[in-house]
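One-letter residues, chain by chain:
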Amino acid sequence: MQVNETGAFVPTVVAFCCNWCSYAGADLSGTNRLQYPSNIKIIRVPCSCRVNPMFILRAFQRGADGVILCGCHPGDCHYTTGNYYTRRRMTLLFSMLDYLGIERERTRVEWVSAAEGQKFAETMKSFAAEIAALGPNRRLEDLRCRK
Amino acid sequence: MQKLGVFVCHCGTNIAATVDVKAVAEALGREPSVVVSTDYPYMCSESGQNLIKDAIREHSLDGVVICSCSPRMHENTFRKAAAQAGLNPYMVEIANIREQCSWIHKDREEATEKAIVLGRAAIAKVLLNTPLTAGESPVTKRALVIGGGIAGIQTALDIAEAGFPVDIVEKEPTIGGKMAQLDKTFPTLDCAACILTPKMVDCAQNENIRILSFSEVEEVTGFVGNFTAKIRRKARYVDETKCTGCGLCTEKCPVKKVPNEFNLGMDNRRAVYIPFAQAVPKVARIDPDWCNMLKNGKCGLCSKVCTVGAIDYKQTDTVLEEHYGAIVAATGYEPIKVDRYGEYAYAQSKDVITSLEFERLTNAAGPTSGTLLRPSDGRHPHTIVFIQCVGSRCTPEMGKTYCSKICCMYTAKHAMLTREKYPDTDVYVFYIDVRTPGKNFDEFYRRAAEEYGVHYIKGAVGKVMPRADGTLDVQASDLIMNEQLHINADLVVLAAAIEPSKTARRLATMLTASMDTNDFFTEAHPKLRPVESPTAGIFLSGVCQGPKDIPETVSQASACAAKVIGLLSKNKLTGNPCVAHSDEWMCNGCSNCASVCPYGAITYLDKDFRMPDRSTKTRRVASVNPAVCQGCGACTVACPSGAMDLYGFSNSQIMAEVDAICK
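Residue numbers (this note's numbering), protein chains in the order written: chain D, 1 to 147; chain A, 1 to 663.
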């Protein structure tokens, strides 16, 4: 668990972004110098449908406090249908996480297009704030992975 | 043990101002496997690239991590540099510490810390990279241009001139598009037909161009260099190979009251017709909604008068299947429907018209043979009010949020031409702003306002009220004088916003090309790749990409042709090696992967496996065609046995990145 100099909890957040829309949206928010918290780290994937629910579980297991998955808006997928699969898979994963007792707010799916730099920054800010309010994720963390 | 090199870019001060690059290089240098870690002001410069190349050779590196700008910017640059130094280009990973770090954080310590984590994630990933070689696929040296307006015509002509065959598919019975309907063109006032029709004839005569008019693309499969398109040739009930375009049938046809689309319904045509005198191909078409013979089998006059026997009432749609290397979208635009703006009374009064209708009214080939007459009573209008931005620069609920770009100039043209031909006419133009960027555009507008005495009024029209005496009461506000105006007009002309053709969205889905929220095609890069779609092999020409005038359309069309020629002149294309592959030993042949593949890239093979007990077992396993696979990764997640994986973004690589970030 990370804390800042004032002792406040700084969550670890993993963001999966599809290469064609959301990663470009993240780049755009950078180009426009729109600030969002530095504890969000982006992993580039070709399409949101490349994200195996296992990756999200793995992140929680390794100590992530929140995971956000961003893709193209439904209907705008570069690969035509990828984000529809994402939407269905994540619905299933969310109900499983619910069953495991992981707070619903710790995982999120957002659609951010390549033109929505503003939305990307806003989304990341609100997500980081939400996770910070939730506190550290303890339930799925693998104790063997503790530093 | 692998040997890695880490190169941290300052990007001038873009990165170095907020990230302590020296500290990043030092921290990453302590990571296991990293043998060299250094920083440099501009890694993408020639000397920066040489630094990377020298390090690869000197330390015989197995992988390279570059902490710099977005991989969308310079991934290819660094891959090429690595390849030149003898390293497989896919052994390069980029940590994005500019767009996703230095530019979005202000705190130096925080940003430096994040840059180190991003660098660590890239190191973790590159350690699991495998050398990849891109496959090669042949290129079909033929282009398909969808849309036969000025954009499609110019693109097709340029491609054909370079020696490649081109098919133009046009949904209307003739090519020419919107430009064929225009009268004069701004700012030089040359007549649209005089400059367009020779180009249309060039298309018809060019041996490399085939015009498939009255046809629509129904299905597109394949990928860059190897597209297959199904094109529906709609029945026109006239044999295109026999018809000479003499026009005898149209003269004799007894059905005379069919609204003429070419003149926007302002006059009539026959049931068998040639759209306009200079149509290409000049072939008649029978309108099945109006033809007596096709509706109830009574008439047949046209077939009796046709001297070449071209009339064929039994003609049906045919579907052509053709192969192409490149596809150009040139679907153009439509003016929006203006009836929804009740305040302008377009639906109530015949004397409220759109600018395109005005264009036909002043055209020598139009319904009034070029004399400007009121559509209601055929009298000469003495006061004309032009209203700009009808549906443009609106709220999304009320219309289009964008500027349609051409309206200011064509309204100035209409106003000027009216004043020139009919000096007794009063012309008013209501505008929000007059936007005239372009060569000789502002001079043109000033001439209209100053020399020709057109009354330009900054303000909005609130209401147009038809009066009993047939005139129109235009109620408006003048924002500069701050007063309410009533103008008694004879004719009101609405500069309707333009929107992409209705067919564009369906086409984009077929081509897997992306579109913006307004249904304009998106370009691969707004500044650096403006005529290509993000989907390889799909190119954009004309207004389908965004509003533009004729000079801009033509230059974009030629630029598009240059890109197509560049593609078609290659004999082989190197594909994207980051494709899916299946581990045959793990695959159980369940078909989950094939059912989610949007490209049909996965097939099943019956394969013999030699078992540990030396027996041979035949099993059904998935096999990915790397030339068709686009690398989305949908199949990798659908695979229940974990046999399917993606090169370049493998399960273990992404997991390693997750681990590095969460550490």
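It is worth saying that the hints were derived from the structure and are not from the lab.
Quantities reported herein were computed from a predicted structural model and do not represent experimental measurements.
Misleading hints may appear alongside valid ones.
[Stated by the list, open to error] Coverage of chain A stretches by chain D, computed from C-beta distances (three or more under 8 Å per stretch; other residues unrestricted):
(1) 113-127
(2) 503-515
(3) 553-567
(4) 629-641
[What the hints assert, rightly or not] Simulated pairs of lysine-lysine, DSSO-like, Cα-Cα distance not exceeding 27 Å:
(5) A:Lys282 / A:Lys257
(6) D:Lys125 / A:Lys257
(7) D:Lys119 / A:Lys527
(8) A:Lys199 / A:Lys502
(9) D:Lys125 / A:Lys230
(10) A:Lys400 / D:Lys119
(11) A:Lys199 / D:Lys119
(12) A:Lys282 / A:Lys230
(13) A:Lys184 / A:Lys242
We treat Cβ as the ideally placed atom computed from N, Cα and C, and that holds for glycine.
We went through each hint and held it up to the structure:
Requiring three or more residues with a Cβ within less than 8 Å of a Cβ of chain D, the coverage given for the stretch 113-127 of chain A holds, as 5 such residues are present. A stretch counts as covered by a chain when three or more of its residues have a beta carbon under 8 Å from one of that chain; for the stretch 503-515 of chain A and chain D the count is 4, and the coverage holds. Counting residues of the stretch 553-567 of chain A whose CB lies closer than 8 Å to any CB of chain D gives 0, so the stated coverage by that chain is violated, three being the minimum. Given as covered by chain D, the stretch 629-641 of chain A passes the check, having 8 residues with a CB less than 8 Å from a CB of that chain where 3 are the minimum.
Proposed proximity of Lys282 (chain A) and Lys257 (chain A) is supported: the alpha carbons are some 22 Å apart, at most 27 Å. Our distance criterion of 27 Å between C-alpha atoms is broken by Lys125 (chain D) and Lys257 (chain A), whose separation comes to about 63 Å. About 22 Å separates the Cα atoms of Lys119 (chain D) and Lys527 (chain A), which keeps this hinted pair within 27 Å; it holds. A distance of roughly 26 Å separates the Cα atoms of Lys199 (chain A) and Lys502 (chain A); the hinted pair therefore holds under the 27 Å criterion.
Restraint check for Lys125 (chain D) and Lys230 (chain A): the C-alpha separation of about 47 Å exceeds 27 Å, so the hint is violated. A hinted pair counts as satisfied when its Cα atoms are at most 27 Å apart, and Lys400 (chain A) with Lys119 (chain D) qualifies at roughly 21 Å. In summary, the hint linking Lys199 (chain A) to Lys119 (chain D) is not supported, as the alpha carbons are separated by about 46 Å, beyond the 27 Å threshold. A distance of roughly 24 Å separates the Cα atoms of Lys282 (chain A) and Lys230 (chain A); the hinted pair therefore holds under the 27 Å criterion.
With a C-alpha separation of about 34 Å, the suggested pairing of Lys184 (chain A) with Lys242 (chain A) is violated against the 27 Å cut-off.
Going through the hint list in order, the structure does not satisfy hints 3, 6, 9, 11 and 13.
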